[in-house]
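Asks: These protein sequence lines map, in sequence, to chains Z and A. Heads up: the first sequence at position 99 corresponds to 99 in my numbering, and the numbers run straight through without jumps. Heads up: the second sequence at position 67 corresponds to 67 in my numbering, and the numbers run straight through without jumps.
Think of the hints as simulated: they come from the structure by calculation, not from any bench. Mixed in with the good hints there might be a few duds.
Taking lysine to aspartate or glutamate and the DMTMM-like style, the derived pairs with C-alpha atoms no more than 25 angstroms apart in a straight line are [what the hints assert, rightly or not]:
| # | chain 1 | residue 1 | chain 2 | residue 2 |
| --- | --- | --- | --- | --- |
| 1 | Z | LYS62 | Z | GLU249 |
| 2 | Z | LYS120 | A | ASP31 |
| 3 | Z | LYS120 | A | GLU242 |
| 4 | Z | LYS100 | Z | ASP158 |
| 5 | Z | LYS100 | A | GLU242 |
Computed from a predicted model, the values in this text were never measured in an experiment.
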Amino acid sequence: MTTIVSDLNHDSKSAMNMSDSINTLRHDSAALHIDGVSQTYQSKSGSVHALDDVSFSIDNGKFIGLVGPSGCGKSSLLMMMAGLLEPSSGCIRVGQRPIKKPEPEEIGVVFQESSLLPWKTALENVEFPLELRGVDVSTRRALASEMLTRVGLRDFLDRRPHELSGGMKQRVAIARGFCQNPRVLLMDEPFAALDEQTRLSLGDELLSIWEQHRKTVVFVTHSLTEAVYLCDEVVVMAARPGRVIRRIEIDLPRPRTYKMMATARFGELRDEIWELIRNVEHV
Amino acid sequence: MNPWARRSIQGAIVAGFVAVWQASVTAGWVDPMLLPPPADVLVRMVRLLGDASALHHLGVTLAEVMLAVVLVTPIGIALGLFLGENKFWGAAFRPLFYFMSSVPKSVFLPIFILALGMGFSQKVVFGMFQAIFVLIVATIAAAQSVPADWIRTTRSFGATRAQVYRHVYLPAMLPLILEGLRLGMIFNITGVLFAEMYASRAGLGFLIANWGMNFDITSLLAGIVLASLLSILVNETLRWYEHRVGAWRG
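Looking at chain Z on its own, in the form it has when it is part of the complex (with noise of 0.2 angstroms):
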């Protein structure tokens, strides 16, 4: 029954209502199931437990963002959601398949800025991922222009990254990251680098295009503030070992405006989570 609707879900995936539906009839309906990862390191020391038993599911069409203090191990565990690095112990699974490797059609991933190809325009960035693909030119460049259209960089497709600012870059990163149309879409502190004023209206952006597609969102952040502003559930980490202390569902409805940020109840939810990350780093 569940291999026969996720193969359903995933050919339909135009069919917006239709897979809200299916949804209701899947016994799992979760994107991706971490399943007791541990990670372990050696340094002078000894060995490190940057990531002890962590266990959790993200449902389908989520927005989950992952914030803890340094150490805690959040960009590691994107990093294993990745494929791009292998658990001690334990695995993640996407759908029932163990992810070993990366797999771009199922799992993309939203770096920070720097980590465009310097040598390649904005338009030829974007398509870089659909090219090593395999996608035609004329296919996978009509993708990448209408992605750069909506983040409102319909005039920059020929700028080499120098040519452009910091948080134009970053429209470039998440412009690359939709454009591979994934399943889940992963994000590592995509916008630590950027002015707060910058920060603020990608934020916007980044939730008025993620309302059109609904993918799931795996967001690491450092900001509170912006994971609260963001997310459906925020899943609160700490370190030494790293490891999930709670999970804190976000009751702000959608869509969300900045003006929300004054109000009580944003207020609440940002200092419960940091009453969190403080009370157990005096421990």
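Fit chain A to the given chain Z structure using the hints.
Replies: Below, chain A alone, put in the same frame as chain Z:
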């Protein structure tokens, strides 16, 4: 300053240098036996370029230089890649290559003559020896300059190992390798000419050394100008290409 004004001043300095040279001979400030006028040197150079024997010697030098660069480029790049990518052998051999790239390699010439004689192959091998260290060191630097970020990102797109090399390593490293190749080429030409001047029976270096010993200063200067033009041509061509493929470096 706008580029045209800069070009004009640069051109005027070269023209001024030649004018002072011509004037000092005409005014009798220098002995024309020691410093013939530039016009004579130019005429001699044109005559040499029409002279079958001189052209033969020039051809020998060009063949030696070209063969050396064709052989040394793949070897140097392959060794540099290996040492830049391989932790163990990189750490083991890197000091040797770094030190060798700072040693004046001309002092090794007698050993090459003892081992290989004074013919064509000795010149080629000595040119390669001059060029290889800077090429290896540049390739090591190029390999290590590629940010892990670009490789990880490209792997996340499902790229195969070959695709990562073709789409990331190659374009990222090319400008730096070309810089090494350009320096290597200058050392290669220097090495070949020096080896010809020291002990040989053919080549531009052989002619230059002979003209010097026979006090044929006009031919000597013409030969020097020819050697300079050759080096400048090679250098500027490679520099142009380096800038073209490295425009993204800003």
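Asks: Find the hints from earlier in the document that the structure breaks and name them by number, from lowest to highest.
Replies: Failing hints, ascending: 2, 4 and 5.
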